[in-house]
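J.: Listed here are the chains, written in short residue letters.
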Amino acid sequence: MAANREGSSAIPEVLQDSNIPVILILVTLIVGVAALLPLVQTSLATSTGGNVSRLEQLREDWQARLHEQELTVATLGSLDRIESEAQGRLKMVTPDSVIYLRVDAPAPAPNKLPSRYLTEETRPAESESLWEEFFGWVPLP
Amino acid sequence: MGKRRFTEVWRVWAVMAAIVLATVVVTLRLVQLQIVDHAQYAADARLIHFGQDTLADRRGALLDRNGYPLAASEAAFNVMVEKRAWEDPAEAQAAADSLAEVTDASSAEMLSIVADTEAFEVPVVRGLNYGQGVAVRELGLYGVRLLEGSRRTYPEGNLAAQLLGFVGQENSGLTGLEIDLDSILGGNPGQVTYERDGIGNQLAFGARSETPAQPGANVVLSIDRYIQRVAEQELDRAISDNEAKGGTIIVIQPKTGQVLAMASRPTFDVTNPDLSDNSKQALFRNRAITDTYEPGSVFKVVTMAAALDLGVVSPGTWWFDEGVVHVSDWSIYNWDLSANGSQTVQDILSKSLNTGAVWLANLSGSAGFYDYINRFGFGVTSDSGLSGEVDGRVRTPESDPEGWRPVNMATNSFGQGIAVTPLQMAMAVAAIANDGVLMKPQLVNEIVGPLGTQVVEPEAVRQVISPETARTLLDMMGVVMDGASTAYIDVPGYAFGGKTGTANIATENGGYKPDAYISSFVGIAPLGEPEIAVLVKIDEPAGVPWGTVVAGPAFSRLTQRVLAYLKVPPTKEVFVSELLD
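So the sequences go chain by chain: A and B. Under numbering that gives the first Met the number 0, the residues of the first sequence are numbered 0 to 140, in order. Under numbering that gives the first Met the number 0, the residues of the second sequence are numbered 0 to 580, in order.
Simulated from the structure, these hints should not be mistaken for lab results. Treat the hints loosely; a few may be bogus.
[As the list claims (entries may be wrong)] If you only want the chain A side, here are some residues facing chain B, beta carbon under 7 Å, derived:
1. Thr27
2. Leu70
3. Ser77
4. Ile81
5. Ala85
6. Gln86
[Unchecked claim] Covered stretches of chain B (in silico footprint by chain A; criterion: 3 or more residues with CB under 8 Å from a CB of chain A, positions within the stretch not fixed):
7. 224 to 232
8. 256 to 266
[Stated by the list, open to error] What follows is a list of derived Cβ distance ranges for each label pair:
9. His37(B) x Leu35(A): 32 to 40 Å
10. Leu35(A) x Leu32(B): 33 to 41 Å
11. Gln68(A) x Gly156(B): 14 to 22 Å
12. Leu23(A) x Arg207(B): 40 to 48 Å
13. Ser239(B) x Pro107(A): 41 to 49 Å
Beta carbons: idealized from backbone N, C-alpha and C, even for Gly.
Bound conformation, chain A alone:
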């Protein structure tokens, strides 16, 4: 018994606390989680990087499709196709003679072009009414 008492007294007091095992477990858990954090961070970063790559790919795909569509529109507006549609589908024929009439009306507006090919100067300006302009200065709630 005396030996036991001596042994007990040899252990530092702080270690005799009954919460020590719990603390040790918690510390171990914290260290374990901390060790896992870089892994989680790397995993998240890799996942985000993958998402970025996927979205970039998606953007490039859409751009490619857009350019393809623009050229399809341009091809549909080609003079050869217009003529063949006019003659084939609409059964129009080339006139034998031209009749000129002088009229007091403005010439028709120019045809619309794919906006990609328009310069800034010729691109139609966005319409903004006086009221829209006025309310543009009012701070929104």
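Once you have looked at the hints, place chain B on chain A.
T.: Showing chain B alone in chain A's frame:
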């Protein structure tokens, strides 16, 4: 006991020596790998671990003057295959078959390309469209990836094929405006270097460096797609009607020198040019600027301009036509061998009298005559900016003092013995329509780049003849057309002027090709405020060679359609009431 101890010591030393020796060998090998051959192995490692791509942004479009695309680029994909991924024949065959199924390419050809290459990676299929590219990507083949590029397309088909030209596999211009404007259209290529995984995919967080590509600028040409199409249609019809070998039509806007149309035949398929056959490469050249011809009687307007501007004659000046002119040992006759007696200067143009043209040139004197020829831009390139443009040939007493003879000036006066390009001739006629001011031919109106728009302004070269002389000459050309047969040349509703020409074709040995002619017509319309100057040149028609019959109808139909398209009101009363009645 002593012998046993010696043996044990020897064994220890032997083991130690072996260990030391092995250590030295390993160390030396490491020195070789890490230091001596470091660069080699580092390069090999980079080749495996790092990928490098050239980035090409979209090539700029060639647009007509109203913004309609004549040549534009769309995304296209090249299929890249790593050589090591296709080392196993069975796996390579399977992969090639899968690719062939979605790309319509030959699997044998793909296998051959990979087998023949020494490179780490090689393109096996080029120019796939978007749908095909997606299909290849979805196959998910090992060692196969897509490299995005672009492909040239021509929404208007073969319109202005020789003028536009085409691009090669690397998307750089090979002919025509595509090569002349390559630095503007092509932009600046970029480059990306990246770390990749075992199957060649880019590592999400690997090393990466990128120099972005700059897109090319769009170029707005002076060409009008409608006028160009009309010119090509009328040229094809004239060639077909006359069973000719080829021809050229050029339409110029006189005030600016802008080329509204430039068409030549024979032509080629710009959407799929045949580069394998060398004999077909002649079709790629733009004959309006690369080929010269003797213009014949249309050149009489230049001779007339010189004489009028020098003040040696006026339209009403009288002159006696004996039907023949003797120059040195040569006798020069009229085209119809006629002798017309007393004639006015106007009659020289109206009846296209060779003898009269010689008389006018003699009145002007060789110095004056050739000075005007030079001032009109003959004998030097017109500075159109098109590659391959030639000077033409004008032999003058100054340029060839040994070879020049007075008979040269005599024949030059009616457009023989002088070589010009169709563009030079068209620009000279346009100068007459522009109050005597010769303009530089303009093919580019605007350059629309990422940083803004650069507008190209028309550029005057020089005042060739006075505005009064130009107006007089215009009126005289109008009188010429008043006397022309409306069965061949007529533009109802519009006053117009013009001159026909029928010329012999020079051969390389100095003579003329027998029974072969170039029929041409130069015209200006409307006469009051000229909107267009037109040159029609038809090569070697099979039947009657006269310019009136061969080239005249093409001019008439073209001018009628173009003036209506340009919304030019008729200059004559157009008898609407008569039509309605």
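J.: Next, verify each hint and record whether it holds.
T.: Hint check:
Contact between Thr27(A) and chain B, as hinted, is not supported at the beta carbon level, the nearest pair being about 30 Å apart and thus beyond 7 Å. Interface hint at Leu70(A): satisfied, since its Cβ lies 5 Å from the closest Cβ of chain B, which is below the 7 Å cut-off. Because the smallest distance between the Cβ of Ser77(A) and any Cβ of chain B comes to about 5 Å, under 7 Å, the interface hint for this residue holds. Contact between Ile81(A) and chain B, as hinted, is not supported at the beta carbon level, the nearest pair being about 10 Å apart and thus beyond 7 Å.
The closest approach between the C-beta of Ala85(A) and any C-beta of chain B is roughly 14 Å, which is over the 7 Å cut-off, so the hint fails. Nearest Cβ of chain B to the Cβ of Gln86(A): about 14 Å, over the 7 Å cut. The hint is violated. With 3 residues carrying a beta carbon less than 8 Å from a beta carbon of chain A, the segment 224 to 232 of chain B meets the three-residue requirement, and the given coverage holds. Counting residues of the segment 256 to 266 of chain B whose CB lies closer than 8 Å to any CB of chain A gives 0, which falls below the minimum of 3, so the coverage claim is violated.
In this structure the supplied range 32 to 40 Å holds for His37(B) paired with Leu35(A), their Cβ-Cβ distance being about 38 Å. As the Cβ distance of Leu35(A) to Leu32(B) is approximately 37 Å, the hint placing it in 33 to 41 Å holds. Take Gln68(A) and Gly156(B): their Cβ atoms lie about 19 Å apart, and the range 14 to 22 Å holds. Against the hinted window of 40 to 48 Å, the Cβ-Cβ separation of Leu23(A) and Arg207(B) comes to about 45 Å, which satisfies the hint.
Judged by the Cβ atoms, the range 41 to 49 Å given for Ser239(B) and Pro107(A) is violated: they are separated by roughly 34 Å.
Hint compliance for this structure: hints 1, 4, 5, 6, 8, 13 are broken, all remaining hints hold.
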